[in-house]
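Q: Now for the letters of each chain:
2 protein chains.
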Amino acid sequence: MAINPVEAPAPPASPHHIEKHFGSTALVRDVVIGMSDGLTVPFALAAGLSGAVNSVHVVVLAGLAEIAAGSIAMGLGGFLAAQGDAEHYASERLREERSESMPVLEALKRRPQAWVDFMMRFELGLEEPHPGRAGRSATTIAVSYVVGGLVPLFPYMVGSSLPSAFNASVAITLVALLVFGGVKGRLTGSGTLRSAVQTLVIGGLAAGAAYLLARLLSVH
Amino acid sequence: MAINPVEAPAPPASPHHIEKHFGSTALVRDVVIGMSDGLTVPFALAAGLSGAVNSVHVVVLAGLAEIAAGSIAMGLGGFLAAQGDAEHYASERLREERSESMPVLEALKRRPQAWVDFMMRFELGLEEPHPGRAGRSATTIAVSYVVGGLVPLFPYMVGSSLPSAFNASVAITLVALLVFGGVKGRLTGSGTLRSAVQTLVIGGLAAGAAYLLARLLSVH
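Taken in order, these protein sequences are the chains called Z and F.
Residue 162 in this note's numbering sits at position 162 of the first sequence, with consecutive numbering throughout.
Start counting at 1 in the second sequence, then tack on 1000, and there's your number in this note's numbering.
Hints in this document: simulated from the structure, not taken from any laboratory.
Quick reminder that beta carbons are idealized off the backbone N, C-alpha and C, glycines included.
Just so you know, not all the hints are guaranteed correct.
These stretches of chain Z come out as covered by chain F in the derived footprint (C-beta under 8 Å, 3 or more residues) [what the hints assert, rightly or not]: (1) 47-55; (2) 174-180.
Estimated spans, in silico, between C-beta atoms of each pair [as the list claims (entries may be wrong)]: (3) Ala-90/Z - Arg-1136/F: 25 to 33 Å; (4) Ser-160/Z - Arg-1186/F: 27 to 35 Å; (5) Ser-55/Z - Ser-1161/F: 19 to 27 Å.
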């Protein structure tokens, strides 16, 4: 806490509490963003196409094209989001610095820097983003997407027959979704088992819907 | 501002300033999240497959399967994110309410509710999420993804030859990316032209990479 450290020593739990909040969460979040979609969408697409086309080659082609498109779109999207956060923070900070400080808390007003920090966090709920975060965020999201996407595609790339590749892909990916969901829940504190089940359900629903749709369309 | 309204009347610009921050941003953000990926990934996948397979039918199948998978994965992902925000806020709020209020700002301590609000926003940077936001968020993201994804796929669905459908899809989608990027930039305040160009570049890069990859793989 930046305000009034002399008058008010923080209780023992508080600094730890904050540190846990603003520590490695950005990296974890980027990995989760990239891998959630990377494990789910290429898996669902490959499963869906397996129900409609008879060529492993087409499934692999579509899957890899999706991974390329998805990782670039998500990575650049993450880059712009992080860049936008940084710009938003900078412009709001300039605005607070220029505006008349309201005479609410005299103690804070005597320390202009602390006052601006206070306004940034209390009024606007903004944290100062790390410099260079946009590039790292983009790379982390894109790589996580590619890694996640190659898991369900792997059986199609090495297997010879479509049905056996499909079965192997479903089995491997369901396990991967469970493990990833569990680790995600542990890291983000939302509960290991619960997150594992949620992640599995999302992947399963997306794949099931894609499969059914492709199946219906290929019959007509 | 909730703190000390009697001692410190807020300057005229401040409430408006806050309201602008926490207004319709959630809805706009969800539409932007869904449509950004919806316009980009199915477009890139369809363009990529056009360079590798000779069947419009396969391109449409893969595109629709991707839309089904992507909209469900992103919609449910948005649902969990919004639900997680609400739970995180509730648990942190309970924690602040139970913890010993630090004797920093005596004026705030005399108003426990304001103190908890203060701690929620200043220490944790958390806003109270709207109830029912998770469901609305999921639907908005999913529908936006489907709407966005049908734009690049439409030419393949109505066209007969793959090359003409490909050309029409590229032309229509580049215009759609420009318009969507421009509107997005206007709504989010990041600049109409700049956002239009950025959105176009992301879509173009993703599609170009998917096309090249599929092309390379289909040659070997």
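Q: Between Ser-55/Z and Ser-1161/F, is the Cβ distance one that fits in 19 to 27 Å?
A: holds (21 Å)
Q: Check the following: the C-beta atoms of Ser-160/Z and Arg-1186/F are separated by a distance inside 27 to 35 Å.
A: This hint is violated: roughly 52 Å between Cβ atoms.
Q: Can the segment 174-180 of chain Z be counted as covered by chain F under the rule of three residues or more with Cβ-Cβ separation shorter than 8 Å?
A: As far as the segment 174-180 of chain Z goes, the hint is violated, because 0 residues have Cβ atoms under 8 Å from chain F.
Q: Mind checking, does the segment 47-55 of chain Z have 3 or more residues with a CB under 8 Å from chain F?
A: Holds, because 4 residues of the segment 47-55 of chain Z bring their Cβ atoms closer than 8 Å to Cβ atoms of chain F.
Q: Does the Cβ pair Ala-90/Z, Arg-1136/F satisfy 25 to 33 Å?
A: holds (31 Å)
Consistency note: the structure conflicts with the earlier hints numbered 2 and 4.
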